[in-house]
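Visitor: Be aware that the sequence shown starts at 7, since it is given in the numbering used here, and climbs by one per residue.
Treat the hints loosely; a few may be bogus.
What the hints assert, rightly or not - Straight line, CA to CA, 25 angstroms or less: simulated SDA-like cross-link-like pairs of lysine to any residue:
{"id": "1", "residue 1": "98", "residue 2": "85"}
{"id": "2", "residue 1": "63", "residue 2": "198"}
{"id": "3", "residue 1": "147", "residue 2": "177"}
{"id": "4", "residue 1": "98", "residue 2": "81"}
{"id": "5", "residue 1": "147", "residue 2": "119"}
{"id": "6", "residue 1": "98", "residue 2": "76"}
{"id": "7", "residue 1": "98", "residue 2": "73"}
{"id": "8", "residue 1": "147", "residue 2": "168"}
{"id": "9", "residue 1": "63", "residue 2": "10"}
{"id": "10", "residue 1": "63", "residue 2": "202"}
Unchecked claim - Computed Cβ-Cβ distance ranges for the label pairs, DEER-style:
{"id": "11", "residue 1": "128", "residue 2": "81", "range": "16 to 22 angstroms"}
{"id": "12", "residue 1": "148", "residue 2": "193", "range": "39 to 45 angstroms"}
{"id": "13", "residue 1": "106", "residue 2": "202", "range": "35 to 41 angstroms"}
{"id": "14", "residue 1": "176", "residue 2": "141", "range": "15 to 21 angstroms"}
{"id": "15", "residue 1": "194", "residue 2": "141", "range": "34 to 40 angstroms"}
{"id": "16", "residue 1": "7", "residue 2": "136", "range": "23 to 29 angstroms"}
{"id": "17", "residue 1": "28", "residue 2": "202", "range": "19 to 25 angstroms"}
{"id": "18", "residue 1": "165", "residue 2": "78", "range": "31 to 37 angstroms"}
{"id": "19", "residue 1": "81", "residue 2": "203", "range": "22 to 28 angstroms"}
{"id": "20", "residue 1": "174", "residue 2": "78", "range": "36 to 42 angstroms"}
{"id": "21", "residue 1": "52", "residue 2": "125", "range": "32 to 38 angstroms"}
{"id": "22", "residue 1": "148", "residue 2": "63", "range": "22 to 28 angstroms"}
{"id": "23", "residue 1": "117", "residue 2": "66", "range": "33 to 39 angstroms"}
These are calculated hints, taken from the structure and not from any lab test. Bear in mind that the values here come from a model prediction, so they are computed numbers and not experimental data. Quick reminder that beta carbons are idealized off the backbone N, C-alpha and C, glycines included.
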Amino acid sequence: MTIDELMTQGPVIPVLTFDQPREAVRVAEALVEGGLTVLEVTLRTPTALDCLAAVAKVPGAIAGAGTVLNPAQLEASVRAGARFLVSPGLTKSLANAARGAGLPFLPGVATATDIMRALDQGFTRFKFFPAVAAGGLPALKALCAPFTMARFCPTGGISSATAPEWLSFRSVACVGGSWLYAGEGDPTDAIIARARTAAALRPA
7 MTIDELMTQG PVIPVLTFDQ PREAVRVAEA LVEGGLTVLE VTLRTPTALD CLAAVAKVPG
67 AIAGAGTVLN PAQLEASVRA GARFLVSPGL TKSLANAARG AGLPFLPGVA TATDIMRALD
127 QGFTRFKFFP AVAAGGLPAL KALCAPFTMA RFCPTGGISS ATAPEWLSFR SVACVGGSWL
187 YAGEGDPTDA IIARARTAAA LRPA
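Sequences and hints are given; from them, build the entire structure.
Guide: Here it is in C-alpha coordinates:
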(Lines of atoms letter the chains of each structure in order from A; the text may use other names.)
(Lines give C-alpha, C1' and ligand atoms only; values in the text may rest on other atoms or scores of the structure.)
Protein backbone atom coordinates (compact mmCIF):
# COMPACT_ATOMS: atom_id res chain seq x y z
CA MET A 7 0.00 0.00 0.00
CA THR A 8 1.32 3.43 -0.94
CA ILE A 9 0.93 6.50 1.23
CA ASP A 10 -1.64 7.93 -1.20
CA GLU A 11 -3.65 4.71 -1.13
CA LEU A 12 -3.59 4.79 2.66
CA MET A 13 -4.73 8.41 2.83
CA THR A 14 -7.66 7.74 0.49
CA GLN A 15 -8.98 4.58 2.20
CA GLY A 16 -11.37 6.79 4.16
CA PRO A 17 -11.91 10.44 5.00
CA VAL A 18 -11.05 10.02 8.69
CA ILE A 19 -8.24 8.11 10.40
CA PRO A 20 -9.27 7.44 14.01
CA VAL A 21 -6.50 8.38 16.44
CA LEU A 22 -6.75 5.91 19.30
CA THR A 23 -5.12 5.52 22.71
CA PHE A 24 -5.63 2.26 24.60
CA ASP A 25 -4.60 0.70 27.88
CA GLN A 26 -5.95 -2.80 27.28
CA PRO A 27 -5.64 -5.02 24.17
CA ARG A 28 -9.13 -6.42 24.70
CA GLU A 29 -10.58 -2.91 24.62
CA ALA A 30 -8.49 -2.13 21.54
CA VAL A 31 -10.00 -5.11 19.72
CA ARG A 32 -13.57 -4.13 20.69
CA VAL A 33 -13.11 -0.59 19.42
CA ALA A 34 -11.29 -1.64 16.25
CA GLU A 35 -14.05 -4.10 15.37
CA ALA A 36 -16.67 -1.38 15.89
CA LEU A 37 -14.80 1.14 13.75
CA VAL A 38 -14.32 -1.37 10.93
CA GLU A 39 -18.02 -2.26 11.11
CA GLY A 40 -18.78 1.44 10.80
CA GLY A 41 -16.64 1.74 7.65
CA LEU A 42 -13.34 3.10 8.97
CA THR A 43 -10.52 0.64 8.38
CA VAL A 44 -7.33 2.74 8.76
CA LEU A 45 -6.70 2.93 12.51
CA GLU A 46 -3.86 4.80 14.21
CA VAL A 47 -2.89 3.37 17.61
CA THR A 48 -0.78 5.92 19.47
CA LEU A 49 2.30 4.86 21.42
CA ARG A 50 1.26 6.81 24.50
CA THR A 51 0.70 4.06 27.06
CA PRO A 52 2.90 1.27 28.45
CA THR A 53 0.70 -1.32 26.71
CA ALA A 54 0.45 0.50 23.38
CA LEU A 55 2.49 -2.04 21.40
CA ASP A 56 0.38 -4.91 22.74
CA CYS A 57 -2.73 -2.99 21.77
CA LEU A 58 -1.32 -2.29 18.31
CA ALA A 59 -0.56 -5.98 17.85
CA ALA A 60 -4.13 -6.84 18.86
CA VAL A 61 -5.65 -4.32 16.45
CA ALA A 62 -3.42 -5.59 13.65
CA LYS A 63 -5.18 -8.97 13.91
CA VAL A 64 -8.70 -7.55 13.61
CA PRO A 65 -10.18 -8.59 10.24
CA GLY A 66 -10.46 -5.62 7.91
CA ALA A 67 -8.35 -3.31 10.04
CA ILE A 68 -5.29 -1.52 8.67
CA ALA A 69 -3.41 -0.88 11.91
CA GLY A 70 -0.74 1.76 12.19
CA ALA A 71 1.42 3.24 14.92
CA GLY A 72 1.09 6.88 15.90
CA THR A 73 3.28 9.09 18.09
CA VAL A 74 6.37 7.34 16.74
CA LEU A 75 9.26 9.40 18.11
CA ASN A 76 12.43 7.50 17.22
CA PRO A 77 13.84 4.55 15.24
CA ALA A 78 13.51 2.16 18.19
CA GLN A 79 9.79 2.83 18.48
CA LEU A 80 9.43 2.53 14.73
CA GLU A 81 11.13 -0.88 14.68
CA ALA A 82 9.03 -2.09 17.62
CA SER A 83 5.87 -0.94 15.83
CA VAL A 84 6.79 -2.85 12.69
CA ARG A 85 7.39 -5.98 14.77
CA ALA A 86 3.96 -5.48 16.38
CA GLY A 87 2.31 -5.53 12.95
CA ALA A 88 2.00 -1.85 12.02
CA ARG A 89 1.17 -1.31 8.37
CA PHE A 90 1.79 2.44 8.47
CA LEU A 91 3.58 4.93 10.71
CA VAL A 92 2.75 8.43 11.96
CA SER A 93 4.99 10.83 13.87
CA PRO A 94 4.34 14.24 15.44
CA GLY A 95 7.53 15.61 13.86
CA LEU A 96 10.56 14.47 11.90
CA THR A 97 14.24 13.88 12.61
CA LYS A 98 16.86 12.66 10.18
CA SER A 99 17.26 9.36 12.03
CA LEU A 100 13.51 8.76 12.02
CA ALA A 101 13.31 9.62 8.31
CA ASN A 102 16.06 7.10 7.55
CA ALA A 103 14.35 4.42 9.62
CA ALA A 104 11.00 5.07 7.95
CA ARG A 105 12.49 4.74 4.49
CA GLY A 106 14.18 1.52 5.56
CA ALA A 107 10.91 0.09 6.87
CA GLY A 108 9.24 0.58 3.50
CA LEU A 109 5.85 1.39 5.03
CA PRO A 110 3.60 4.40 4.42
CA PHE A 111 4.81 7.17 6.71
CA LEU A 112 3.18 10.47 7.70
CA PRO A 113 5.69 12.77 9.39
CA GLY A 114 4.25 15.65 11.36
CA VAL A 115 4.76 19.25 10.23
CA ALA A 116 3.52 22.58 11.57
CA THR A 117 5.60 25.23 9.77
CA ALA A 118 7.11 26.04 6.38
CA THR A 119 10.53 25.08 7.74
CA ASP A 120 9.17 21.70 8.86
CA ILE A 121 7.80 21.06 5.38
CA MET A 122 11.02 22.11 3.65
CA ARG A 123 13.08 19.82 5.87
CA ALA A 124 10.72 16.93 5.20
CA LEU A 125 10.79 17.60 1.46
CA ASP A 126 14.58 17.41 1.65
CA GLN A 127 14.13 13.93 3.13
CA GLY A 128 11.93 12.89 0.22
CA PHE A 129 8.47 13.18 1.79
CA THR A 130 5.48 14.98 0.28
CA ARG A 131 2.64 13.62 2.41
CA PHE A 132 2.30 14.97 5.92
CA LYS A 133 0.39 15.06 9.17
CA PHE A 134 -0.39 18.72 9.90
CA PHE A 135 -0.06 18.75 13.67
CA PRO A 136 -1.31 20.14 15.97
CA ALA A 137 -3.80 21.31 13.38
CA VAL A 138 -5.94 23.74 15.37
CA ALA A 139 -3.19 24.98 17.69
CA ALA A 140 -0.90 25.55 14.69
CA GLY A 141 -3.33 28.04 13.17
CA GLY A 142 -6.14 25.90 11.85
CA LEU A 143 -7.33 25.75 8.27
CA PRO A 144 -6.25 29.34 7.44
CA ALA A 145 -2.67 28.44 8.38
CA LEU A 146 -2.72 25.26 6.31
CA LYS A 147 -4.11 27.11 3.28
CA ALA A 148 -1.32 29.67 3.58
CA LEU A 149 1.30 26.93 3.85
CA CYS A 150 -0.05 25.13 0.79
CA ALA A 151 0.48 28.15 -1.47
CA PRO A 152 4.24 27.53 -1.87
CA PHE A 153 3.99 23.76 -1.38
CA THR A 154 1.54 22.67 -4.05
CA MET A 155 3.12 19.21 -4.24
CA ALA A 156 2.15 18.38 -0.65
CA ARG A 157 -0.98 16.73 0.71
CA PHE A 158 -2.00 16.59 4.33
CA CYS A 159 -3.79 14.70 7.07
CA PRO A 160 -4.56 17.42 9.63
CA THR A 161 -4.74 16.07 13.19
CA GLY A 162 -5.23 17.70 16.56
CA GLY A 163 -8.33 19.51 17.71
CA ILE A 164 -10.51 18.45 14.77
CA SER A 165 -14.06 17.40 15.64
CA SER A 166 -16.99 15.81 13.87
CA ALA A 167 -18.39 19.33 13.38
CA THR A 168 -15.23 20.81 11.83
CA ALA A 169 -14.00 17.82 9.83
CA PRO A 170 -16.14 18.63 6.75
CA GLU A 171 -14.58 22.10 6.45
CA TRP A 172 -11.06 20.65 6.58
CA LEU A 173 -11.96 17.97 4.03
CA SER A 174 -13.33 20.60 1.64
CA PHE A 175 -9.81 21.93 1.07
CA ARG A 176 -8.17 20.30 -1.95
CA SER A 177 -4.81 19.67 -0.25
CA VAL A 178 -6.41 17.68 2.57
CA ALA A 179 -6.67 13.98 1.72
CA CYS A 180 -8.07 12.92 5.09
CA VAL A 181 -8.15 14.04 8.71
CA GLY A 182 -7.10 12.39 11.94
CA GLY A 183 -9.77 12.28 14.60
CA SER A 184 -9.86 11.35 18.26
CA TRP A 185 -13.61 11.96 18.55
CA LEU A 186 -14.46 8.48 17.26
CA TYR A 187 -13.68 6.89 20.62
CA ALA A 188 -14.50 8.45 23.98
CA GLY A 189 -12.54 6.01 26.13
CA GLU A 190 -13.36 2.87 28.08
CA GLY A 191 -17.06 2.55 28.66
CA ASP A 192 -17.91 4.16 25.32
CA PRO A 193 -20.80 2.02 23.99
CA THR A 194 -20.00 -0.09 20.95
CA ASP A 195 -23.15 1.08 19.16
CA ALA A 196 -22.11 4.71 19.63
CA ILE A 197 -18.66 4.02 18.17
CA ILE A 198 -20.21 2.32 15.15
CA ALA A 199 -22.59 5.23 14.62
CA ARG A 200 -19.79 7.81 14.78
CA ALA A 201 -17.72 5.74 12.38
CA ARG A 202 -20.56 5.54 9.87
CA THR A 203 -21.06 9.29 9.99
CA ALA A 204 -17.33 9.91 9.53
CA ALA A 205 -17.00 7.36 6.73
CA ALA A 206 -19.75 9.15 4.81
CA LEU A 207 -17.77 12.40 4.65
CA ARG A 208 -16.25 13.23 1.27
CA PRO A 209 -12.91 14.99 0.67
CA ALA A 210 -12.75 17.69 -2.01
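Visitor: Run the structure past the numbered hints and jot down the numbers of the failing ones, going up.
Guide: Structure breaks hints 19, 22.
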